[in-house]
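2 protein chains.
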Amino acid sequence: MKLKAAAEIGINATHMRLPKTATEEEILHSITEVNENSSVHGLIVQLPLDSIHKIDTEKVTNAVAPEKDVDGLTSINAGKLSRGDLGDCFIPCTPNGCMELIKQTDILVVGIGKAEMVKGEWIKKGAVVIDCGINHIPGLTITLNVCVQNTVLSAKRFLETHQPGKWNISYTKLNLQKPVPSDIVISRSCVPKPVDRLAKEVGLLSDEVELYGKTKAKVQLNIVKRLQAQPDGKYVVVTGITPTPLGEGKSTTTIGLVQALGAHMKLNVFACVRQPSQGPTFGIKGGAAGGGYSQVIPMEEFNLHLTGDIHAITAANNLVAAAIDARMFHESTQSDKALYNRLVPLSGGQRKFSPIQLNRLKKLGIEKTDPSALTEEEITRFARLDMDPSSVTWQRVLDTNDRFLRKITIGQSPTEKGYTREAQFDITVASEIMAVLALTSSLEDMRQRLAKMVVATSRNGEPITTEDLGVSGALTVLMKDAIKPNLMQTLEGTPVFVHAGPFANIAHGNSSILADKIALKLVGPEGFVVTEAGFGADIGMEKFFNIKCRYSGLRPHVVVLVATVRALKMHGGGPTVTAGMPLPKEYVEENLELLENGCSNMRKQIENAKHFGVPVVVAVNGFKTDTEAELDLVCRMAKAAGAFDAVRCSHWAEGGAGAVALGQAVQRASEAPSNFKFLYDLELPIADKIRIIAQKIYGADDIELLPEAQHKVELYTKQGFGGLPICMAKTHLSLSHEADKKGVPTGFILPIRDIRASVGAGFLFPLVGTMPTIPGLPTRPCFYDIDLDPETEQVNGLF
Amino acid sequence: MKLKAAAEIGINATHMRLPKTATEEEILHSITEVNENSSVHGLIVQLPLDSIHKIDTEKVTNAVAPEKDVDGLTSINAGKLSRGDLGDCFIPCTPNGCMELIKQTDILVVGIGKAEMVKGEWIKKGAVVIDCGINHIPGLTITLNVCVQNTVLSAKRFLETHQPGKWNISYTKLNLQKPVPSDIVISRSCVPKPVDRLAKEVGLLSDEVELYGKTKAKVQLNIVKRLQAQPDGKYVVVTGITPTPLGEGKSTTTIGLVQALGAHMKLNVFACVRQPSQGPTFGIKGGAAGGGYSQVIPMEEFNLHLTGDIHAITAANNLVAAAIDARMFHESTQSDKALYNRLVPLSGGQRKFSPIQLNRLKKLGIEKTDPSALTEEEITRFARLDMDPSSVTWQRVLDTNDRFLRKITIGQSPTEKGYTREAQFDITVASEIMAVLALTSSLEDMRQRLAKMVVATSRNGEPITTEDLGVSGALTVLMKDAIKPNLMQTLEGTPVFVHAGPFANIAHGNSSILADKIALKLVGPEGFVVTEAGFGADIGMEKFFNIKCRYSGLRPHVVVLVATVRALKMHGGGPTVTAGMPLPKEYVEENLELLENGCSNMRKQIENAKHFGVPVVVAVNGFKTDTEAELDLVCRMAKAAGAFDAVRCSHWAEGGAGAVALGQAVQRASEAPSNFKFLYDLELPIADKIRIIAQKIYGADDIELLPEAQHKVELYTKQGFGGLPICMAKTHLSLSHEADKKGVPTGFILPIRDIRASVGAGFLFPLVGTMPTIPGLPTRPCFYDIDLDPETEQVNGLF
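Which chain is which? The protein sequence lines are A and B, in order.
Just so you know, my numbering puts 433 at position 433 of the first sequence, and the rest follows in order with no gaps.
Just so you know, my numbering puts 12 at position 12 of the second sequence, and the rest follows in order with no gaps.
For the record, the hints were derived by calculation from the structure and aren't laboratory data.
Possibly wrong hints are sitting among the right ones.
If chains are identical, the list can't say which one is meant, so a pair holds when it fits in one copy or spans any two.
Straight line, CA to CA, 20 angstroms or less: simulated DMTMM-like cross-link-like pairs of lysine to aspartate or glutamate [unchecked claim]:
1) K173 / E201
2) K407 / E422
3) K225 / E793
4) K214 / D336
5) K214 / D632
6) K585 / E24
7) K363 / D740
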């Protein structure tokens with residue numbers, strides 16, 4: 001009868017029998033296996049009568065995962081009371097009954113799981129309904145019925161939790177203070193939920209989650225497979241108008257919006273944001289975890305090491321750099337034959353190519369696998385990469401604001417025999433490996449992208465890759481954990497994926513595709529995933545669509561365009577805004593004229609979003625100096641410019657409650673018809689793709705390819721990289737290439753100084769001007785204020 | 001009656017009452033608080049009748065930690081069956097009884113904890129014995145009695161688990177193969193226990209452990225306080241004779257020994273080992289996790305990022321470096337006044353010193369706290385560190401084998417205005433911060449050591465510290481997680497702390513004091529902690545005693561000296577042993593003469609250990625080419641030389657079973673009288689301390705201070721660093737300073753080229769010859785073989 005109930009929801013019963021001679025270790029091993037199998041929902045352990053002499057029964061019963069312990073007893077605490085040393089059985093079972101049972105069975109581990117489980121490993125051991133063989137023992141029927149019923153309940157609960165549908169999630173209540181305290185004070189005042197609880201709330205199985213302390217966790221990629229049939233949620237990208245150097249609150253709006261959609265509108269929602277660079281945290285930069293009452297917490301974990309992904313990139317990037325210079329050095333000092341003998345060394349009397357070397361042979365068109373079969377010419381081609389030192393585009397990286405590493409000379413120790421060259425360090429997030437991490441879709445895909453990265457050109461014009469260097473497998477090993485998205489939470493207890501943070505100029509400035517994809521499955525079709533694109537809509541959003549969405553295949557439903565009265569006044573002709581200096585009075589007093597003029601920039605950015613066929617909701621991020629009339633004007637102008645809606649928000653001061661109107665507008669917009677399209681075809685010539693972006697998005701009259709850029713167009717086309725999408729490296733402070741041209745500049749020709757290639761990540765990046773790739777420290781870096789209280793272990797002074 | 005039982009073991013009862021209007025969040029919060037309080041052993045949650053309408057009762061009952069759920073039911077699974085929506089109460093309680101109870105109580109969270117708990121926060125809420133007020137409800141007496149009895153049991157179990165005494169630990173059975181497979185194959189063939197289970201087995205509380213995935217965890221330092229009254233276990237250091245360049249298996253012996261003491265002799269035992277540098281993993285180095293059937297697992301986690309401690313050191317070290325160069329640059333380009341105004345900026349109309357700046361003022365003897373009160377001379381002294389660029393001793397670091405960074409010129413970008421200088425990168429483990437991590441005893445102590453690190457000398461001869469740079473607090477913040485020891489396990493399931501890995505030449509080459517201290521408490525007085533000192537006994541062991549034990553205050557019980565027939569033959573005059581080349585026949589055939597000659601080195605190293613008054617057990621690490629006669633000879637010679645015992649081991653091929661004789665000898669030796677003493681007094685002049693080590697340990701006739709060393713002796717004495725212990729930077733391949741002098745060299749003068757100071761870590765390091773501080777990559781680095789299988793996610797090719 002009970003088993004019928006089990007069958008109704010797709011549950012089958014089976015048992016697993018261990019020999020009577022099984023050791024404690026073997027029993028524990030079996031229990032651990034069942035505990036970790038997410039398709040098993042019930043487990044009972046029966047131990048033989050004499051087991052107490054050879055095994056620790058308490059340890060065995062304690063090993064059963066509580067959620068799978070279906071005999072109605074907490075084995076941990078009730079065991080000793082009602083069961084003495086007889087093991088783990090239900091109260092109605094009399095001591096005699098138990099003894100009967102124990103005499104008849106060997107060591108019996110009974111698992112009741114879903115049909116899938118039965119199809120797997122367990123069935124080989126014989127699937128038997130649970131009451132076979134033990135049902136007839138007096139006093140045990142109830143026990144077993146209860147167990148089955150419990151298993152049915154446990155499985156139902158499991159299915160409810162892990163099916164599409166509203167999450168069973170608890171939100172954290174904010175205790176709003178005025179004036180709004182500092183970010184770190186707010187962050188610390190909120191106790192984050194244990195991250196394992198959060199993971200469970202959003203439908204992650206315990207075996208899909210790797211905890212990193214109590215507030216951070218990594219999510220394994222196998223979830224992609226488990227949820228592949230699940231429909232995606234709605235996909236929202238947050239971008240902004242052309243900002244002041246102070247930033248206009250895109251991150252804060254992203255977090256405020258998810259707090260509103262989740263804690264206030266009770267929808268499933270995930271934020272997917274970038275991991276910030278740690279270096280600038282100690283320089284002059286503010287936090288990247290949002291701000292005020294819209295933050296990712298704990299903010300010090302978010303802003304510092306997190307789970308080590310950026311450190312892994314530093315290690316991987318610099319292994320490539322060391323391999324390049326060491327290889328050039330060894331090639332300079334050895335004959336072809338000596339090189340070959342070292343590259344394919346004698347081991348146990350024979351030479352053997354490693355798989356990575358076989359890949360290089362394949363690339364060279366040498367179809368041989370026996371090292372002794374290569375001709376001299378083939379040996380030379382295989383062993384000598386012949387990189388031109390002046391062509392090396394791969395730089396070393398550090399996650400530190402170290403200006404003295406912007407240009408250096410390396411190799412000056414006598415051990416390097418005079419092979420010096422000029423080189424540079426970039427900040428780690430500028431590494432191509434960071435862009436690879438952000439754009440990859442699987443471990444296999446990452447392996448391929450890491451292998452395709454071009455680091456230099458050989459003297460005869462061939463691109464040299466990390467695979468040629470033999471280092472691609474090691475890079476994948478170094479990045480094996482970094483590829484798993486990091487789970488954290490907002491102040492109001494909604495989930496956040498923090499994953500990848502590529503530069504927004506020389507790279508595409510968007511968080512990872514993998515995090516977005518997993519989040520879209522977890523929220524389900526009625527839920528929302530909100531992600532943020534770096535810089536203004538002309539840069540981050542354009543790249544989000546043309547690069548990230550192209551590689552992910554995901555189609556966005558809504559663009560949220562963040563605007564501020566401050567930035568719009570600047571575009572309307574207001575005085576210069578400088579970080580660290582007091583704001584001129586135009587920005588703190590009502591000035592509708594400046595504001596109305598400046599709305600041109602917002603209008604252009606709305607138009608930019610509409611080029612892609614996606615509805616735009618303008619979020620007017622209100623400051624306390626903004627007047628009603630100003631805020632109204634912006635909303636009116638936005639709607640007139642074709643925004644789906646425009647709403648005022650106060651999430652910085654009020655958390656999600658301050659962004660409910662925005663959340664409602666986003667929800668409505670997500671149901672509006674959209675007609676997503678890319679801006680350009682990949683097949684177009686490189687120059688044409690650049691021109692389309694310059695003209696349609698920036699408003700340029702045309703582009704001008706300077707000689708180096710022209711040369712690169714030819715080189716990349718010849719090398720077969722012409723079909724890659726374009727990732728413009730342009731200032732974010734103007735729609736044009738000149739940072740001081742505000743509003744909507746017109747009548748300009750966009751100069752393209754040079755073009756670089758991130759072949760592994762998969763884009764070409766034209767350089768419009770010079771891009772600083774490692775920041776410096778000011779005279780008084782903010783590290784002066786940062787300290788740890790050794791008593792409380794609290795971080796102080798972080799923003 | 002039952003309460004009496006509770007009182008007998010020091011338990012008191014109390015309750016915590018929340019208002020009927022309590023929200024779900026508030027209830028969950030209270031439960032979480034109780035769950036995390038390790039002095040509470042029982043918890044029952046009663047919810048009011050109408051609670052189902054406003055709270056999710058299932059979520060609330062599920063929130064109770066299973067080991068504290070003392071009402072005899074697994075709330076998770078039994079709830080729905082017997083209790084419906086009435087909340088969480090015991091079966092004998094009739095529905096009517098429960099309703100009665102619920103009518104009378106508000107929301108009642110009952111916690112039954114130890115007396116300590118009652119004294120704390122809870123008593124403020126009113127301590128009441130549990131049966132007051134509810135005892136008279138029909139049908140409930142049993143429930144409450146059972147609950148109290150369960151709590152008594154739970155508390156007893158807790159006390160048993162967390163008191164000195166034999167751990168309740170399960171060992172992992174090895175499945176020995178012949179021939180012995182590669183290290184990574186063996187490592188992968190063993191399923192590690194979930195690390196949270198291991199943590200529990202060795203007496204760690206769940207709130208003291210931070211998981212990092214399923215196989216690694218960090219242990220919080222508050223455990224030091226909890227266990228302070230607990231007596232320490234026995235302390236064993238593993239060292240070796242002067243090795244061949246291939247190494248003689250100290251790490252393997254360390255792990256084999258703990259596997260023997262634990263899995264075979266059933267004693268509580270911890271291994272405390274160094275975290276290896278990741279860079280060399282991709283160069284030519286073998287694994288550092290032991291080898292064969294004596295390994296720390298998973299070895300790929302051990303050898304790669306681990307929990308990010310080394311990455312944290314890279315970040316911290318390079319922040320100091322960036323701060324030094326940026327500061328010299330800003331001082332070069334600004335007037336004193338401008339510097340001061342930037343260092344102590346106007347904020348909200350006033351200037352304020354940060355606490356770190358107040359520390360600098362104090363050091364300068366300026367007793368002012370108001371920035372406007374400083375005289376011009378004081379402003380200059382405060383603002384201008386005036387570092388002499390040629391005096392900068394702080395180097396940048398990377399955990400990469402990058403030979404081209406051995407000597408570089410930095411600051412060549414035009415933005416640095418010509419302020420170039422020569423600099424270098426070291427490998428991260430050579431950073432002084434690594435030595436600080438290894439020698440620190442608490443967060444507060446680490447903060448102080450990090451602040452004391454001297455990075456340069458000012459033009460007038462003052463040592464400039466990280467505190468002067470204002471960066472000491474930020475360093476502490478960057479290192480706040482690295483200070484927590486990392487828990488892993490051996491192949492046989494015994495616990496291992498992996499923590500800190502300072503260089504064994506320019507630093508002291510020993511794992512952390514904190515890990516040893518915590519492990520000594522956890523094993524208890526009958527247990528063992530085995531740690532390893534880098535290089536041979538003349539270096540690693542000497543530093544272990546004179547530096548590590550001096551700072552820790554710990555007194556070792558036994559020295560294990562690892563010897564191999566191979567190395568002894570080399571000392572006896574055998575041909576040169578070179579890594580990567582086949583061994584000459586002397587090493588693979590019996591040769592008792594060479595062996596007997598070479599035993600001189602072992603004799604000297606035994607004598608070295610006995611200088612410190614500690615009994616020595618010689619472990620003869622057997623290779624398959626060693627003959628019976630050879631192994632016997634070594635044991636005989638060792639005993640004749642004064643070893644407490646000498647035994648043969650085969651743990652590489654057999655795991656702990658191959659080191660049981662060693663374990664027994666160590667256990668006996670630990671009970672022998674010992675009379676530990678340091679080799680020198682700190683008060684002696686620097687040169688005398690160096691001379692004592694050179695003469696007594698190395699067998700030198702005398703030392704010779706070369707001019708730079710002589711200069712440093714004077715400088716450090718003047719600067720007040722003369723009282724630091726000495727950390728010799730000498731080759732490990734000979735007792736002398738010349739690597740090719742094997743056996744026991746005599747009649748030599750030890751030349752001291754230079755002396756450096758690690759003031760924060762707390763030692764002076766005399767340089768005997770040049771020490772390479774960053775390795776290079778060979779022509780065919782081992783990364784050629786390393787790859788990840790994208791399907792199984794297995795790491796291949798790692799050794």
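Same-copy or cross-copy closeness of K173 to E201 [CA-CA at most 20 angstroms]: within (17 angstroms within a copy, 37 angstroms between copies)
Homo-oligomer pair classification [D336, K214; C-alpha up to 20 angstroms]: neither (54 angstroms within a copy, 47 angstroms between copies)
K225 and E793: within-copy, between-copy, both or neither at 20 angstroms Cα: between (40 angstroms within a copy, 15 angstroms between copies)
Within, between, both or neither: K214, D632 at alpha-carbon 20 angstroms: This pair counts as neither: shortest intra-copy Cα distance 44 angstroms, inter-copy 53 angstroms.
Homo-oligomer pair classification [E24, K585; C-alpha up to 20 angstroms]: Neither, since 76 angstroms and 47 angstroms both go past 20 angstroms.
Homomeric proximity label, K407 with E422: Cα distance no greater than 20 angstroms: Result: close both inside a copy and across copies, 7 angstroms intra and 13 angstroms inter.
Intra- versus inter-subunit Cα pairing at 20 angstroms for K363 with D740: neither (48 angstroms within a copy, 46 angstroms between copies)
Hint compliance for this structure: hints 4, 5, 6 and 7 are broken, all remaining hints hold.
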